[in-house]
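> Once you have looked at the hints, place chain B on chain A.
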Amino acid sequence: MSRLTIRQRQVVWAYIFLLVPMTFFILIRIIPTLSAFNISLHDWNPLAAEQTFVGLENYRQLWEDLLNPRSVTHKAFVNTFKYVLIGMPIQLVTALAIALLLNEITRMSTLFRAIFFIPFVTSTVAIAWVWRWLYQPQYGFFNVMLSFFGLPQQPFLKSPNQALYSITAVVVWQGLGFAIIIFLAGLKQVPETFYEAAKIDGANRWQSFWRITLPLLNTTLVYLAVLQTISFLRMFDYVINMTTQGDGGPLASTTTVTLRVYREAFSSFDMGYASALTVALFGIILVITIVQLKFLSRDY
Amino acid sequence: MTVLEQDREITEVKAASSSGGFLESQKRQDKLLKLLAYFLLILGGLTMVIPFIWMISTSLKPASEIYQGNFFPNAATLNNYRTVLLETPFLRWYLNSFIVATISTVSVVFFDSLIGFVFAKYHFPLKNVMFLLILSTLMIPTEMLLIPWFIMSVNPPVGPAWVNSYWGIAFPGIITAAGAFLMRQFMTGVPDELLDAGRIDGVSEFGLFWRIAMPLTLPAMSALAIFNFLGNWNAYIWPLIVTSDKAMMTLPVGLSFFSNENGADWHLIMTGATLSVVPLMIVFIIFQRQIIRGIALTGVKG
Numbered sequence: 001m002s003r004l005t006i007r008q009r010q011v012v013w014a015y016i017f018l019l020v021p022m023t024f025f026i027l028i029r030i031i032p033t034l035s036a037f038n039i040s041l042h043d044w045n046p047l048a049a050e051q052t053f054v055g056l057e058n059y060r061q062l063w064e065d066l067l068n069p070r071s072v073t074h075k076a077f078v079n080t081f082k083y084v085l086i087g088m089p090i091q092l093v094t095a096l097a098i099a100l101l102l103n104e105i106t107r108m109s110t111l112f113r114a115i116f117f118i119p120f121v122t123s124t125v126a127i128a129w130v131w132r133w134l135y136q137p138q139y140g141f142f143n144v145m146l147s148f149f150g151l152p153q154q155p156f157l158k159s160p161n162q163a164l165y166s167i168t169a170v171v172v173w174q175g176l177g178f179a180i181i182i183f184l185a186g187l188k189q190v191p192e193t194f195y196e197a198a199k200i201d202g203a204n205r206w207q208s209f210w211r212i213t214l215p216l217l218n219t220t221l222v223y224l225a226v227l228q229t230i231s232f233l234r235m236f237d238y239v240i241n242m243t244t245q246g247d248g249g250p251l252a253s254t255t256t257v258t259l260r261v262y263r264e265a266f267s268s269f270d271m272g273y274a275s276a277l278t279v280a281l282f283g284i285i286l287v288i289t290i291v292q293l294k295f296l297s298r299d300y
Numbered sequence: 301m302t303v304l305e306q307d308r309e310i311t312e313v314k315a316a317s318s319s320g321g322f323l324e325s326q327k328r329q330d331k332l333l334k335l336l337a338y339f340l341l342i343l344g345g346l347t348m349v350i351p352f353i354w355m356i357s358t359s360l361k362p363a364s365e366i367y368q369g370n371f372f373p374n375a376a377t378l379n380n381y382r383t384v385l386l387e388t389p390f391l392r393w394y395l396n397s398f399i400v401a402t403i404s405t406v407s408v409v410f411f412d413s414l415i416g417f418v419f420a421k422y423h424f425p426l427k428n429v430m431f432l433l434i435l436s437t438l439m440i441p442t443e444m445l446l447i448p449w450f451i452m453s454v455n456p457p458v459g460p461a462w463v464n465s466y467w468g469i470a471f472p473g474i475i476t477a478a479g480a481f482l483m484r485q486f487m488t489g490v491p492d493e494l495l496d497a498g499r500i501d502g503v504s505e506f507g508l509f510w511r512i513a514m515p516l517t518l519p520a521m522s523a524l525a526i527f528n529f530l531g532n533w534n535a536y537i538w539p540l541i542v543t544s545d546k547a548m549m550t551l552p553v554g555l556s557f558f559s560n561e562n563g564a565d566w567h568l569i570m571t572g573a574t575l576s577v578v579p580l581m582i583v584f585i586i587f588q589r590q591i592i593r594g595i596a597l598t599g600v601k602g
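Here the protein sequences line up with chains A and B, keeping their order. According to the numbering used here, the stretch in the first sequence is residues 1 to 300, in order. According to the numbering used here, the stretch in the second sequence is residues 301 to 602, in order.
By construction, these hints were calculated from the structure, which means they are not laboratory data. One thing to keep in mind: the hints can contain errors.
Said to hold, decoys possible - In silico DMTMM-like pairs for lysine to aspartate or glutamate, Cα to Cα no more than 25 Å straight-line:
hint, chain 1, residue 1, chain 2, residue 2
1, B, K334, A, E192
2, B, K421, B, D501
3, B, K331, A, E196
4, B, K331, A, E104
5, B, K334, A, D201
6, B, K327, A, D201
7, A, K199, B, E324
8, A, K82, A, D65
9, B, K327, A, E192
10, A, K199, A, E104
11, A, K158, A, D247
12, A, K158, B, E365
13, A, K188, B, D330
14, A, K188, A, E104
15, A, K158, B, E561
16, B, K334, A, E196
17, B, K331, A, E192
18, A, K199, B, D330
19, B, K421, B, D492
20, B, K546, A, D247
21, B, K327, A, E196
22, B, K327, A, E104
23, B, K331, A, D201
24, A, K82, A, E64
25, A, K82, A, D247
26, A, K158, B, D565
27, B, K334, A, E104
28, B, K421, B, E493
29, B, K427, B, D492
To be verified - Computed list of chain B residues with no C-beta within reach of chain A, every gap over 10 Å:
hint, residue
30, R328
31, P373
32, W467
Unchecked claim - Label-pair ranges, simulated between beta-carbon atoms:
hint, chain 1, residue 1, chain 2, residue 2, range
33, A, P160, B, Y422, 55 to 63 Å
34, A, D201, B, P491, 43 to 51 Å
35, A, N68, B, S436, 29 to 37 Å
We put the beta carbon where it would ideally sit given N, CA and C, even for glycine.
Just chain A, with the same shape it has in the complex (with noise of 0.2 Å):
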């Protein structure tokens, strides 16, 4: 058997190995991203005979939502990026802190690892409802807790001007954890003789933390922002289950581009409009990316 046989029989392998994958990424995930487009350019309910084209009379109600500050819709848009940028950079800044605190201890430092870490490992629904229970009014342990030490009760949960706040708290709970695992892995690619040579030049910590260590983190913060900015945009778990009937209220106050998205979709059945918020998500998704990737190429 000549070389080049052998050549030709690895190229056909290679495309026996791909067989399934590559039909798998074309049905289920090509072709359905291609037909969300499709569907959003029609009146689509599925209980229907059949979906009427509308072209791009979805993308125009959906302008004219986002124009309406008392439309659902113009709701959850703000909402969304609200969890964004609540919850983001309070998230990040928590997780470096907690990091920074890990490197300086040497005992224990594996326990506290774990215990920060297990909200993350366990179910977002379980989480929800644990936190549902500690936000109740009176007998919910917050609540419990204010009146022991004499404190005004709050709402939390039932007041319109604290529900989202409550729930972003929950969401930087949970995912602590993973950030400050990153963090530490970040903070070990710095080497220990840049801080002994800051220590000689004089340097306290505060200035090896803001000259030396936070430079050097850079791709790992812009990493976690990004991460993090895409899953609070994608906000949907823990609404649907902290509020009462999973309907983003009180007063729309805690709704989500998703949750409309999957309330649009398949309690309204209007799958045309639902599909339009998805294709508007994707943008958004898509810009931040493109960002993350020219920030990431860039040279520090």
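What follows is chain B alone, placed relative to chain A:
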């Protein structure tokens, strides 16, 4: 090495030239800082643990104690567990979650490794096109696919409807692009000489993958397996959409359904939450090192 030695020398010179008092105060400051670190970490640790303790404590309380605001139950009982396990399909939901997570994990580990192996070790026409195609699917948010998947599951290309079936819950996740890229990275590390030696010994191409490449990438594969299992075990939105039959729900969907039905029965809801959280905690405690190392290694999110 030499730089390090130089560093040490300089440090020593500096230390010798500065007064002993400075070093003393530096040491005391370090100790104080460490104490403060422990204090803050214990505070943070309590914040992590208290919700779980409150959850378990509530699950052990009789209904009459729920609205008394005591931290620990006065008359602890396992009755809630009996109620939840025997009078609801909780055990069935466990089984469903276990089956779905196992099917997709086995499939993901096999296919993602195979994709990784092919793209790391073979040269063939259209390789880059296929690679880009898979890469591009990473940018598509799942939310966008839910509606098409649902329509497809109601009217599948083959066989009866996929809704309310294990296949219906599992099919979107039987292969993952992220896992394939992860495995490709690790498969690149498998030496070509080893594969060529195998070829000379008459090992088939699949044998090269199965008997040489896979064992060599075991650490990455186990990390992938653990995260995939966790991810599927906790998955919510798709199983919620594709199941309406109570008997086919997965644990998170069932828990959500059960909790919504039982409104103010917090002792039962917390029992359900405990039942769905505790197995994972046990798994985590057993595999703690691997899980944490795996995350640091791969940076994947479960």
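> Is the nearest Cβ of chain A still more than 10 Å from the Cβ of R328/B?
holds, 14 Å
> Holds or violated: K327/B with E196/A, Cα cutoff 25 Å?
holds, 15 Å
> Verify the proposed pairing of K421/B with D492/B, using a straight-line Cα cut of 25 Å.
OK: K421/B and D492/B at ~8 Å, within 25 Å.
> When you check the alpha-carbon spacing of K334/B and D201/A, does it fall within 25 Å?
Given that 25 Å is the threshold and the Cα spacing comes to 23 Å, the pair holds.
> Tell me if the beta carbons of D201/A and P491/B are separated by a distance inside 43 to 51 Å.
Since D201/A and P491/B have Cβ atoms about 45 Å apart, the given range 43 to 51 Å holds.
> Is K82/A close enough to D247/A, meaning Cα to Cα at most 25 Å?
Distance of about 18 Å is within 25 Å: holds.
> Hint check: K334/B vs E104/A, CA-CA at most 25 Å. Holds or violated?
Since the Cα atoms of K334/B and E104/A sit roughly 7 Å apart, the hinted pair holds (cutoff 25 Å).
> Does the structure keep K331/B and E192/A at a Cα separation of 25 Å or less?
Satisfied, since the Cα-Cα distance of roughly 19 Å is no more than 25 Å.
> Does the alpha-carbon distance linking K427/B and D492/B stay inside the 25 Å limit?
holds, 18 Å
> Quickly compare the C-alpha distance for K327/B and E104/A to 25 Å and report which way the hint goes.
holds, 14 Å
> Taken at face value, is the distance from the CA of E324/B to the CA of K199/A at most 25 Å?
holds, 16 Å
> Was W467/B rightly flagged as not at the interface, with every chain A Cβ beyond 10 Å?
About 12 Å separates W467/B from the closest Cβ of chain A, which puts it past 10 Å; holds.
Figure legend: structure checked against the earlier numbered hints; every hint is met.
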